[in-house]
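There are 6 protein chains.
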Amino acid sequence: MSQSVFMEYKPLSGREFPRFSGIKTFFRMPVADIDADYDVGIFGIPFDGAVSYRSGCRFGPSKIREVSSLGRGYHWGREINFFEKIKVADIGDSPTVPVDQKLCFERVEKFVADVLKNKKKFISVGGDHSTTLPILRQLKKKYKTPLRLVHFDAHLDSYPAAWGFEYHHGTFVRHAVEEKLIDPKISHQIGIRGPLAGSDDLDFVKKTKINVHTVDDIRDDFKKVLKDLDKFGDEPTYISFDIDCLDPAYAPGTGTPVIGGLTTYETQKILRNFKIKNLVGADIVEVSPPYDHADITALAAVDTMFEILSIYADSK
Amino acid sequence: MSQSVFMEYKPLSGREFPRFSGIKTFFRMPVADIDADYDVGIFGIPFDGAVSYRSGCRFGPSKIREVSSLGRGYHWGREINFFEKIKVADIGDSPTVPVDQKLCFERVEKFVADVLKNKKKFISVGGDHSTTLPILRQLKKKYKTPLRLVHFDAHLDSYPAAWGFEYHHGTFVRHAVEEKLIDPKISHQIGIRGPLAGSDDLDFVKKTKINVHTVDDIRDDFKKVLKDLDKFGDEPTYISFDIDCLDPAYAPGTGTPVIGGLTTYETQKILRNFKIKNLVGADIVEVSPPYDHADITALAAVDTMFEILSIYADSK
Amino acid sequence: MSQSVFMEYKPLSGREFPRFSGIKTFFRMPVADIDADYDVGIFGIPFDGAVSYRSGCRFGPSKIREVSSLGRGYHWGREINFFEKIKVADIGDSPTVPVDQKLCFERVEKFVADVLKNKKKFISVGGDHSTTLPILRQLKKKYKTPLRLVHFDAHLDSYPAAWGFEYHHGTFVRHAVEEKLIDPKISHQIGIRGPLAGSDDLDFVKKTKINVHTVDDIRDDFKKVLKDLDKFGDEPTYISFDIDCLDPAYAPGTGTPVIGGLTTYETQKILRNFKIKNLVGADIVEVSPPYDHADITALAAVDTMFEILSIYADSK
Amino acid sequence: MSQSVFMEYKPLSGREFPRFSGIKTFFRMPVADIDADYDVGIFGIPFDGAVSYRSGCRFGPSKIREVSSLGRGYHWGREINFFEKIKVADIGDSPTVPVDQKLCFERVEKFVADVLKNKKKFISVGGDHSTTLPILRQLKKKYKTPLRLVHFDAHLDSYPAAWGFEYHHGTFVRHAVEEKLIDPKISHQIGIRGPLAGSDDLDFVKKTKINVHTVDDIRDDFKKVLKDLDKFGDEPTYISFDIDCLDPAYAPGTGTPVIGGLTTYETQKILRNFKIKNLVGADIVEVSPPYDHADITALAAVDTMFEILSIYADSK
Amino acid sequence: MSQSVFMEYKPLSGREFPRFSGIKTFFRMPVADIDADYDVGIFGIPFDGAVSYRSGCRFGPSKIREVSSLGRGYHWGREINFFEKIKVADIGDSPTVPVDQKLCFERVEKFVADVLKNKKKFISVGGDHSTTLPILRQLKKKYKTPLRLVHFDAHLDSYPAAWGFEYHHGTFVRHAVEEKLIDPKISHQIGIRGPLAGSDDLDFVKKTKINVHTVDDIRDDFKKVLKDLDKFGDEPTYISFDIDCLDPAYAPGTGTPVIGGLTTYETQKILRNFKIKNLVGADIVEVSPPYDHADITALAAVDTMFEILSIYADSK
Amino acid sequence: MSQSVFMEYKPLSGREFPRFSGIKTFFRMPVADIDADYDVGIFGIPFDGAVSYRSGCRFGPSKIREVSSLGRGYHWGREINFFEKIKVADIGDSPTVPVDQKLCFERVEKFVADVLKNKKKFISVGGDHSTTLPILRQLKKKYKTPLRLVHFDAHLDSYPAAWGFEYHHGTFVRHAVEEKLIDPKISHQIGIRGPLAGSDDLDFVKKTKINVHTVDDIRDDFKKVLKDLDKFGDEPTYISFDIDCLDPAYAPGTGTPVIGGLTTYETQKILRNFKIKNLVGADIVEVSPPYDHADITALAAVDTMFEILSIYADSK
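Protein chains in written order, with this note's numbering: chain A, 1 to 316; chain B, 1 to 316; chain C, 1 to 316; chain D, 1 to 316; chain E, 1 to 316; chain F, 1 to 316.
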């Protein structure tokens with residue numbers, strides 16, 4: 001029997017089939033229909049229409065599937081193996097439309113709505129950061145309350161329109177607040193750093209009181225930051241992980257890299273520290289394979305998925 | 001005096017300033033305002049929103065500017081030096097909007113309209129092949145007659161809509177015929193090859209009687225093809241050069257490569273053979289630098305620009 | 001409904017789902033069990049243990065699956081669309097063992113034996129060229145007669161043992177003849193070229209009378225070569241396509257490249273010319289993605305698969 | 001109106017013209033004549049003749065121009081926007097001569113002399129580190145006093161001649177001291193690390209009492225180092241930033257990388273901490289684009305330019 | 001006289017012959033016969049047959065030879081120059097057999113046995129980590145006692161067989177303990193990190209009491225780790241340095257990278273801290289040049305060799 | 001016994017030692033002193049100081065040594081094995097000086113003079129094309145008569161000085177004629193193509209009557225060109241092979257690539273056709289490894305060396 005036969009929510013074994021072999025699904029997990037009985041569905045949103053500089057993250061889902069073949073399941077800190085605690089499936093990619101964001105978002109919203117039936121949990125793999133907005137819209141519709149956003153990024157993503165265009169990849173936080181999809185006061189931005197376009201980039205932060213944890217904050221007093229990020233209650237919580245929160249040395253494969261960023265060890269520490277009771281969804285965005293080298297950016301994304309899957313497993 | 005001082009329609013001299021130095025403009029020519037007194041303006045349209053597979057050609061204009069530093073002016077066959085016969089200028093890039101094609105085309109059309117005042121000639125540097133359509137619309141408006149299109153490509157570009165989207169990068173020929181911007185009977189497609197999606201891909205050719213010169217035609221009887229391409233009269237003629245007419249060995253840096261393609265020597269032969277009395281515009285599209293190697297694709301584009309500039313100079 | 005739902009032997013539509021999206025299977029075809037009712041099964045043999053210089057072709061199947069997303073089905077010359085004529089499926093990868101060739105070949109032979117039940121046809125995607133031997137052994141077992149081998153390669157692959165090791169990637173032809181798996185007198189080697197290690201490299205050719213078509217033969221009189229390759233009868237025939245038959249300009253991503261090789265247009269011409277009534281199997285080997293650029297080698301492999309699938313479809 | 005029209009000391013707006021568009025000048029600033037009324041002129045010295053291992057930094061100015069399109073102006077720590085406080089211009093490249101250092105330095109000295117008329121400030125973009133010497137010679141001529149040098153580097157650059165050649169890229173500090181262009185006692189070297197060729201490499205340090213801050217010093221007690229670097233008075237001060245002070249993980253694109261180096265965050269911290277009242281010039285050298293990946297080295301250089309421009313703006 | 005003349009245990013001078021010139025030997029040292037009178041012989045074991053994911057480390061020795069041209073000899077901390085204290089030679093590569101590990105190990109064992117005659121010391125340059133086992137077998141035979149192993153790695157390398165194959169690159173520690181080649185109680189593993197395949201991955205550690213220093217341990221209390229690693233006596237000690245102990249940002253060129261790893265500065269600190277009286281051998285493995293960028297991984301390997309050579313020199 | 005022991009003018013056997021192993025010498029041949037009893041000495045001239053655009057060919061000798069590990073010796077057309085007919089040795093690299101051409105040429109001339117004692121034959125591996133001049137000077141001194149030059153190149157290399165510098169990499173033909181080192185009337189230039197800087201680029205050809213064979217000549221009537229190149233007598237003849245005679249698809253790794261160039265098959269045909277009775281020296285220049293991909297340019301250089309070595313062997 002070949003490894004093409006997908007088994008019941010168990011990954012293809014690396015000890016039986018070399019990790020470079022087999023059809024590439026997220027974590028070598030089975031492909032499932034969107035309405036199957038998985039706990040956490042992983043899907044891609046291959047769309048990079050809204051990026052302002054380098055494109056290429058449309059190939060994020062495909063590359064991350066490939067590299068996730070190296071994924072293991074046992075979490076040393078949490079002492080759990082997500083493969084054994086939760087049913088994870090690859091549910092394919094959302095339909096997308098490369099150049100027409102409006103058409104594209106309609107399809108993404110429909111896809112996410114289908115996932116959310118019966119309170120399924122998920123990880124969305126981008127694609128650019130504009131794709132978080134249609135997800136949040138559906139989550140709000142589902143959970144009826146503004147979410148807590150935990151947002152890893154180099155950028156504030158509350159910037160104004162550009163080129164006469166409103167919904168580019170640096171605006172989702174602003175829109176999410178304006179559309180009341182998230183509650184800024186209980187939301188966090190991690191990894192933020194300058195330079196900025198102007199001091200007015202910070203007006204949104206001041207106005208909404210969203211909690212910003214800059215790289216300076218993390219380097220100056222990491223323990224305090226970890227403690228600040230440890231007070232989560234039952235609110236529906238969403239993690240949005242823009243790979244450019246990492247320094248370009250750790251994540252060259254992205255569209256708008258900013259130097260002076262976080263190390264993968266630092267994001268691991270933050271993710272490992274989380275005790276999130278009600279994680280309702282998560283995304284990993286802005287991985288642009290044409291600019292990656294030796295897949296190190298994709299590896300960072302895969303490890304982040306592992307941490308998020310472990311949070312899901314831990315809260316079960 | 002440094003080379004940053006742009007002189008009167010003369011390129012920065014490679015014998016005075018090394019070719020790796022200086023601010024990069026097309027062929028090291030001066031930057032001119034759109035309404036200056038140049039003969040041929042070269043501009044970029046950095047837009048890759050409508051590509052169906054690999055993106056990246058938004059960086060085409062920037063990379064081609066850089067590599068054109070290697071450009072020389074004397075044409076061995078035509079025995080002319082375009083630098084001496086015509087006034088060439090870099091007139092910058094058209095404004096573009098990455099994700100919204102409609103907004104983007106409005107700006108491109110306005111930009112091209114400004115160029116066309118006073119019958120300026122031009123070369124547009126893409127960007128993806130969807131950008132040819134707004135150019136043709138303005139040319140039609142200017143010249144009041146359907147143009148002769150000379151179209152180098154691996155693809156017919158008369159394909160149907162995809163993902164519910166009408167104007168992607170494989171449709172411009174169909175739209176140009178439907179909008180009567182070009183006259184298919186006197187138009188040519190060069191470098192076409194399979195595989196196709198279906199036999200119906202050829203229906204458009206049959207219906208419109210556009211002249212198709214496949215790679216097989218060129219390899220089987222190049223002289224005949226050259227002769228077929230030698231009967232141009234006074235009609236306003238437009239050259240659209242999709243770099244993927246070349247084989248991926250010669251042009252790896254493109255979005256939808258097709259093997260079994262032309263060599264650069266073959267496209268040179270065809271271009272050198274042209275006697276086009278009324279060339280009104282031209283474009284070079286689909287150069288995607290993130291997928292190029294050692295700039296060989298960009299070099300092919302620069303040489304094609306040289307050939308087109310020599311045609312302009314020759315007809316003067 | 002997402003594209004993760006595999007449909008009945010139809011590819012995922014590129015006009016509905018962008019080609020950069022979706023889980024990567026060969027030609028976006030459904031995954032099938034090894035004993036399903038497909039006509040032609042495509043599978044990988046991810047093994048590069050027997051290469052003599054650069055490794056990396058263990059990643060061949062994975063990369064070729066990805067790049068085959070660009071695959072179309074309509075053959076301009078044969079005027080058929082293989083998607084409509086035959087049932088093609090991705091049947092996954094054969095189990096392999098990276099370092100132990102003996103163990104590995106046992107598993108490959110078992111896998112191929114399973115495919116061959118009920119006279120299924122197939123394309124095997126390597127992996128290195130040593131993997132052809134276990135396939136030929138099973139075909140011999142199935143068809144009870146030495147096969148006609150049509151072998152594209154830069155190398156004769158009838159070399160002696162190296163480093164005390166008998167079955168490296170340059171010996172399969174010698175073993176296939178010695179084990180009477182193929183009949184050299186009706187077999188062909190295409191694309192062969194020097195330099196050789198010594199004149200004794202040609203002894204095998206002289207002794208067995210295998211038909212060698214060098215690059216010189218092809219360039220000197222292509223029509224004659226095409227005619228020589230046109231006399232195939234009902235014998236079970238096998239195509240083994242080593243990507244290094246191509247020149248490194250066309251196929252840099254391989255382990256032991258030899259310059260002065262074929263162009264993709266030439267191999268297309270040869271493949272398109274074939275009228276093979278009884279093709280029983282085929283392989284494409286030695287694609288080494290770590291050494292490829294912009295996937296041009298993988299694209300050449302995908303196009304070769306298209307040609308072979310069209311031969312299967314044409315003979316049906 | 002296109003973005004090719006250079007405006008009055010304002011950068012091309014990223015919110016109007018996408019950052020991947022437009023002719024590439026430093027920070028998208030206007031091109032100015034060397035004697036225009038800018039405050040700080042940025043120019044390139046594209047010369048890599050004096051490197052001892054990998055060449056390629058002749059392409060530094062061109063690549064850094066391109067990547068500086070991503071540059072923003074607001075400094076979070078200093079709370080100023082250099083775009084608003086000082087007039088910055090791209091004044092092109094100094095003339096250079098690739099293979100003849102003597103000829104080359106004559107031209108560089110003449111160019112720098114022209115810049116220094118009327119006490120213009122500048123940033124020079126290398127080019128290899130030998131180019132700092134002709135700059136320092138002109139600064140000495142202008143300011144009549146040995147400068148304070150603030151020198152970021154992995155290497156001491158006080159090495160002896162090599163291959164019978166005196167002025168290679170590892171000797172500028174020695175020559176600057178010998179020619180009394182800098183005062184070693186108030187000068188600093190930051191990021192220095194071994195291995196060395198011999199213990200005598202340190203003789204120069206001992207003799208001249210130049211202040212060396214090794215990576216060990218910085219990692220052992222960063223606060224002390226920052227304090228040591230905080231005692232600058234009114235002396236004319238010059239910053240020379242060799243990108244190889246950074247670890248190769250952060251700056252692979254350089255000629256003689258040394259592991260165990262600084263992070264970009266550490267150099268940012270040092271630069272942000274500076275209060276330099278009389279910065280008279282600065283350079284960024286040894287960025288070698290052919291060895292860079294995803295432009296991360298160039299991005300580090302651009303950010304360093306931003307920090308230096310902010311120092312200029314802050315002292316105004 | 002050209003630099004092809006190998007002199008008496010002195011490196012080719014970088015001040016006489018540029019470092020990019022000359023035939024590439026380890027540290028530009030002379031080539032010596034295996035039984036010459038060197039103190040420390042450096043040799044390669046170009047074998048990557050046992051890797052579980054990316055291959056390519058068969059090219060490790062060749063690339064590390066090339067990059068070691070940049071190697072200097074003076075150790076700032078230890079205040080010694082190994083070039084002056086010990087006789088170092090490049091003794092070529094061990095014979096290997098790409099695909100047959102058993103044959104290969106026989107040859108490696110014979111080669112190492114030849115080196116060990118007369119208690120020669122050595123550094124072996126891999127090749128994959130399975131090659132450490134035949135070395136340890138010969139060292140045990142020579143020294144008659146289980147060695148102290150100092151093992152840098154991301155992985156525990158005490159994993160079970162995979163694909164029915166016992167001696168893959170993740171098993172050498174288990175076999176070394178089972179064969180009593182090393183004494184786990186006095187052995188150390190440095191740089192270990194998760195995720196793991198399961199909690200049972202840790203059973204071996206618990207059972208054997210091998211000393212594990214995870215990345216967390218190092219980041220939480222580096223001084224304690226350094227102290228733990230400072231208690232070495234006269235036991236024959238062996239250093240095995242798997243380059244993947246480093247983070248992929250510092251060492252992308254390896255086969256099974258794991259994020260969240262060590263920096264080169266950290267491994268330098270550990271190596272510099274060592275006072276090993278009886279170092280009997282060392283290896284550096286898993287450098288895979290096809291996945292490296294700008295040779296930064298090879299540079300890290302070269303620097304590690306420098307540190308090990310300095311330990312040898314220091315203990316003399 | 002390891003392969004580090006260099007045997008008597010026999011290459012390291014690829015059937016005993018895998019080709020990826022061993023210290024890299026040209027064609028795995030022994031290293032010999034400059035005055036040893038070899039017939040043909042191969043040496044490098046690692047110098048790229050005189051290039052006008054991309055540097056990097058200083059690494060040519062090192063890379064070509066590495067890739068020549070793949071070299072075989074039997075020439076199918078000539079039916080000889082150069083390994084058996086002539087004594088070939090790697091005699092190391094000429095001393096060079098990176099930035100000072102005058103110093104550098106003095107050393108190269110001295111090195112070549114040493115080689116030429118006793119009429120040794122040689123192949124010089126560049127390095128840039130300026131290095132041919134010091135070689136020709138010494139050959140003239142040795143043979144007392146202007147040589148026949150057989151020059152493969154895209155460029156005429158009879159250009160004027162640039163940047164006030166006389167001996168850049170595009171001038172050696174002009175100087176060789178002016179210094180009467182070659183006789184233009186019996187010399188040949190092969191692969192030449194435009195565009196040129198001006199029509200005056202051809203004045204030198206007209207004046208000196210050097211025989212130019214353009215790419216057009218070769219494509220229009222290859223037989224005639226081959227015949228023109230077949231009339232060599234006893235004159236001392238020198239082959240200078242600039243890798244940029246090849247098309248960038250075949251040789252991307254070079255400094256000033258020109259599209260529309262020769263294929264490797266075409267240069268093979270020309271080289272195979274040569275019957276040169278008195279070949280006194282040869283060089284292969286302008287291979288720039290940083291711009292190569294998958295070593296295809298270096299492979300073309302190695303094959304050219306093979307052809308030249310076969311000419312030497314054939315004339316013996």
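One or more hints might be untrue.
Copies of one chain are not kept apart here, so a pair can be met inside one copy or by any two copies together.
Claimed, not checked - DMTMM-like cross-link-like pairs, simulated, lysine to aspartate or glutamate; straight-line CA separation at most 20 Å:
{"id": "1", "residue 1": "K102", "residue 2": "E166"}
{"id": "2", "residue 1": "K10", "residue 2": "D33"}
{"id": "3", "residue 1": "K185", "residue 2": "E16"}
{"id": "4", "residue 1": "K269", "residue 2": "D221"}
{"id": "5", "residue 1": "K10", "residue 2": "D201"}
{"id": "6", "residue 1": "K269", "residue 2": "D217"}
{"id": "7", "residue 1": "K206", "residue 2": "E79"}
{"id": "8", "residue 1": "K10", "residue 2": "D200"}
{"id": "9", "residue 1": "K110", "residue 2": "E16"}
{"id": "10", "residue 1": "K180", "residue 2": "E235"}
{"id": "11", "residue 1": "K85", "residue 2": "D201"}
{"id": "12", "residue 1": "K207", "residue 2": "E79"}
{"id": "13", "residue 1": "K10", "residue 2": "D230"}
{"id": "14", "residue 1": "K102", "residue 2": "E16"}
{"id": "15", "residue 1": "K85", "residue 2": "D200"}
{"id": "16", "residue 1": "K85", "residue 2": "D216"}
{"id": "17", "residue 1": "K185", "residue 2": "D228"}
{"id": "18", "residue 1": "K269", "residue 2": "D220"}
What the hints contain is simulated information worked out from the structure, not anything from laboratory work.
If you're wondering where the values come from, they're calculated on a predicted model, not measured in any experiment.
Here is how each hint holds up against the structure:
1. For the identical chains of this complex, K102 and E166 are neighbours both inside a copy (11 Å) and across copies (14 Å), given an alpha-carbon limit of 20 Å.
2. With identical chains, the CA atoms of K10 and D33 are at most 20 Å apart both within one copy (16 Å) and between copies (18 Å).
3. Taking CA atoms no more than 20 Å apart as the test, K185 paired with E16 passes in neither setting, with 49 Å inside one copy and 32 Å between copies.
4. Within a single copy, K269 and D221 get their C-alpha atoms as close as 13 Å, and across copies as close as 15 Å, so both meet the 20 Å cut-off.
5. In this homomeric assembly, K10 and D201 come within 20 Å of each other (Cα to Cα) only across copies, at 19 Å, whereas the closest approach inside a single copy is 46 Å.
6. Proximity of K269 and D217 under a CA criterion of 20 Å is satisfied in both settings, with 15 Å inside one chain copy and 13 Å between copies.
7. For the identical chains of this complex, K206 and E79 are inter-copy neighbours only, at 15 Å across copies versus 40 Å inside a copy, given an alpha-carbon limit of 20 Å.
8. For a Cα distance limit of 20 Å, the shortest separation of K10 from D200 across copies, 18 Å, qualifies, whereas the shortest one inside one copy, 50 Å, does not.
9. Proximity of K110 and E16 under a CA criterion of 20 Å is satisfied inter-copy only: 15 Å between copies versus 38 Å inside one chain copy.
10. For the homomeric pair K180 and E235, the shortest alpha-carbon distance inside one copy (15 Å) is at most 20 Å, but the shortest distance between copies (55 Å) is not.
11. In the homo-oligomer, the alpha carbons of K85 and D201 lie at most 20 Å apart only across protomers (18 Å), although the nearest pairing inside one protomer, at 43 Å, exceeds that limit.
12. Only between protomers do K207 and E79 lie at most 20 Å apart by alpha-carbon distance; the minimum there is 19 Å, versus 41 Å within a single protomer.
13. Taking the shortest Cα distances, K10 and D230 never come within 20 Å of each other, neither inside one copy (32 Å) nor across copies (44 Å).
14. In this homomeric assembly, K102 and E16 come within 20 Å of each other (Cα to Cα) only across copies, at 16 Å, whereas the closest approach inside a single copy is 45 Å.
15. For a Cα distance limit of 20 Å, the shortest separation of K85 from D200 across copies, 16 Å, qualifies, whereas the shortest one inside one copy, 46 Å, does not.
16. In the homo-oligomer, the alpha carbons of K85 and D216 never lie at most 20 Å apart, since the shortest distance is 37 Å inside one protomer and 25 Å across protomers.
17. Taking identical chains as interchangeable, the C-alpha atoms of K185 and D228 lie at most 20 Å apart only when both belong to the same chain, with a minimum of 13 Å there against 41 Å between chains.
18. Taking identical chains as interchangeable, the C-alpha atoms of K269 and D220 lie at most 20 Å apart whether they share a chain (15 Å) or sit on different chains (12 Å).
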